[in-house]
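Colleague: The listed protein sequences derive, respectively, from chains A and B. Under this note's numbering, think of the first position of the first sequence as 1, with each following residue one higher. Under this note's numbering, think of the first position of the second sequence as 1001, with each following residue one higher.
In case anyone wonders, no lab produced these hints; they're calculated from the structure. Be aware that a few hints might be false.
The list that follows gives simulated cross-link-like pairs (lysine-lysine, DSSO-like), each with its CA atoms no further than 27 Å apart [stated by the list, open to error]:
{"no.": "1", "chain 1": "B", "residue 1": "K1066", "chain 2": "B", "residue 2": "K1104"}
{"no.": "2", "chain 1": "B", "residue 1": "K1143", "chain 2": "B", "residue 2": "K1007"}
{"no.": "3", "chain 1": "A", "residue 1": "K78", "chain 2": "B", "residue 2": "K1104"}
{"no.": "4", "chain 1": "A", "residue 1": "K170", "chain 2": "A", "residue 2": "K123"}
{"no.": "5", "chain 1": "A", "residue 1": "K170", "chain 2": "A", "residue 2": "K97"}
{"no.": "6", "chain 1": "A", "residue 1": "K78", "chain 2": "A", "residue 2": "K123"}
{"no.": "7", "chain 1": "A", "residue 1": "K97", "chain 2": "A", "residue 2": "K119"}
{"no.": "8", "chain 1": "A", "residue 1": "K78", "chain 2": "A", "residue 2": "K146"}
{"no.": "9", "chain 1": "A", "residue 1": "K119", "chain 2": "B", "residue 2": "K1143"}
{"no.": "10", "chain 1": "B", "residue 1": "K1007", "chain 2": "A", "residue 2": "K119"}
{"no.": "11", "chain 1": "B", "residue 1": "K1143", "chain 2": "A", "residue 2": "K43"}
{"no.": "12", "chain 1": "A", "residue 1": "K119", "chain 2": "A", "residue 2": "K146"}
To give a feel for the contact side, a few chain B residues facing chain A, derived at Cβ under 10 Å [as the list claims (entries may be wrong)]:
{"no.": "13", "residue": "P1037"}
{"no.": "14", "residue": "R1074"}
{"no.": "15", "residue": "V1075"}
{"no.": "16", "residue": "G1096"}
{"no.": "17", "residue": "V1097"}
{"no.": "18", "residue": "Y1098"}
{"no.": "19", "residue": "V1113"}
{"no.": "20", "residue": "L1116"}
{"no.": "21", "residue": "I1123"}
{"no.": "22", "residue": "P1124"}
{"no.": "23", "residue": "C1126"}
{"no.": "24", "residue": "I1133"}
{"no.": "25", "residue": "E1135"}
{"no.": "26", "residue": "V1137"}
Backbone N, C-alpha and C define an ideal beta-carbon position, used for all residues, glycine too.
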Amino acid sequence: MVDGLAKLTKELLRGMLKPVTVNYPAERLPDEFTLSLEEIRGKHRFDEDKCVGCGACNVVCSSGAITVSDSQDQRVLKVEVARCIFCGRCRDICPEKGLELTSEFELSQTGSRGGDCVKVEQKISMRRCEGCGRPTFPTKQIDSVKTRVLDKIDPSSKETASRDLEVYVKYCLDCRRTRSYAFNIHPRKSY
Amino acid sequence: MRLSLKKKARVYSPWIFHAHAGGCNNCDIELAACFAPRFDLERMGVQLRNNPRHADIFLVTGPAPKQIAPILKRVYEQVPNPKVVVACGSCAMTGGVYNRDDGKPNYALGGPVERLIPVDVLIPGCPPKPESIIEGVLLALEKLREKNS
Chain A
1 MVDGLAKLTK ELLRGMLKPV TVNYPAERLP DEFTLSLEEI RGKHRFDEDK CVGCGACNVV
61 CSSGAITVSD SQDQRVLKVE VARCIFCGRC RDICPEKGLE LTSEFELSQT GSRGGDCVKV
121 EQKISMRRCE GCGRPTFPTK QIDSVKTRVL DKIDPSSKET ASRDLEVYVK YCLDCRRTRS
181 YAFNIHPRKS Y
Chain B
1001 MRLSLKKKAR VYSPWIFHAH AGGCNNCDIE LAACFAPRFD LERMGVQLRN NPRHADIFLV
1061 TGPAPKQIAP ILKRVYEQVP NPKVVVACGS CAMTGGVYNR DDGKPNYALG GPVERLIPVD
1121 VLIPGCPPKP ESIIEGVLLA LEKLREKNS
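Working from the sequences, and respecting the hints, build out all of it.
Modeller: Laid out in structure tokens, this is it:
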């Protein structure tokens, strides 16, 4: 309590000496009254190299601001800043640390529709299924999953797994299921 | 650009009417912070009024649920022309967290505000920081100047 009183007295004295008002557009709020620039959660930024397009941010988004749309050869992750509540869950969940919230929070603009508001987009190329030609998963995601699986798997079955993965990643989920015996990748072969 | 004295007065001291259309009240708290000594929006000549008939800027917060929608329209009509409408916060702009994830319409949502009344300035954020609101109000002042000339 004494600590708080000291703070209050200090603030009172300072208020007497000079005005507390911040001349905002010309100068920023002093650091002691606001979050530091790293802590402020503002507009999103995708890291072109790190983002693999897994869509975890879309799943975890609180307000449905992040959408994933797959076309024939690319996946588009789109953040509608107008709907975003800047909770930062997408940044926290991102397995590749490919999404960050910048300190750019002054996003006001003229416009008559919420849809006009700024959007952040990330485009990732998709891999096609070699069986049926439909898009399966982003190329980068397949690569990252492959390395992660081979890192963590039990060393005894590493060789089998890597051989299976080579076949596995070329096909979509449906083709894998229907042709798993032909490819000799059915899990039942292990027991 | 030459403005008559009346128009000049209107542009240099616009008054804000704050309409709270549902929502969680957080934008309203940030707006209160805007008018508090630290940021003090009144140094721009802006004053917060409780009467729509005195206002030039109509600042709406919240997603405008169906219960509020007709009242919001009526209050909008009471603001004298020329007027600028500011949609403050994610809810007022798009419905924000009150939208459903599966894309179906929320049964209680009459808004967003753009569906009810024409909007001029958008302030994203949930809630927008007081700095964002000040920036938005400054944009609204420019818009008001355009509408007056």
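Colleague: Against chain A, with CB atoms and a cut of 10 Å, does the hint on V1137 (chain B) hold up?
Modeller: 9 Å, holds
Colleague: Is the Cα-Cα distance between K1007 (chain B) and K119 (chain A) 27 Å or less?
Modeller: 36 Å, violated
Colleague: Does K1007 (chain B) sit within 27 Å of K1143 (chain B), going by the straight-line distance between their CA atoms?
Modeller: With a Cα-Cα distance of about 13 Å, the restraint between K1143 (chain B) and K1007 (chain B) holds, given a limit of 27 Å.
Colleague: Per the CB criterion, is V1075 (chain B) less than 10 Å away from chain A?
Modeller: 19 Å, violated
Colleague: Measure nothing beyond the straight line between the CA atoms of K78 (chain A) and K1104 (chain B); if it is 27 Å or shorter, mark the hint as holding.
Modeller: 19 Å, holds
Colleague: Starting from K170 (chain A), check that the Cα of K123 (chain A) is at most 27 Å away, please.
Modeller: Since the Cα atoms of K170 (chain A) and K123 (chain A) sit roughly 21 Å apart, the hinted pair holds (cutoff 27 Å).
Colleague: Take a quick look at whether K119 (chain A) and K1143 (chain B) sit within 27 Å of each other, Cα to Cα.
Modeller: Measuring from Cα to Cα gives roughly 23 Å; hence the hint holds.
Colleague: With a cut-off of 10 Å on the beta carbons, see whether E1135 (chain B) makes it to chain A.
Modeller: 4 Å, holds
Colleague: At a threshold of 10 Å, is the proposed contact between R1074 (chain B) and chain A supported by beta-carbon distances?
Modeller: 21 Å, violated
Colleague: Hey, does the V1113 (chain B) contact hint survive, CB to chain A under 10 Å?
Modeller: Status holds, d = 8 Å.
Colleague: Have a go at the P1124 (chain B) hint: is there a Cβ in chain A nearer than 10 Å to its own Cβ?
Modeller: Holds, about 5 Å.
Colleague: Using Cβ atoms only, decide whether C1126 (chain B) comes closer than 10 Å to chain A, and label the hint accordingly.
Modeller: At 4 Å from the nearest chain A Cβ, C1126 (chain B) passes the 10 Å test, so the hint holds.
The structure shown violates the earlier hints numbered 10, 12, 14, 15, 20.
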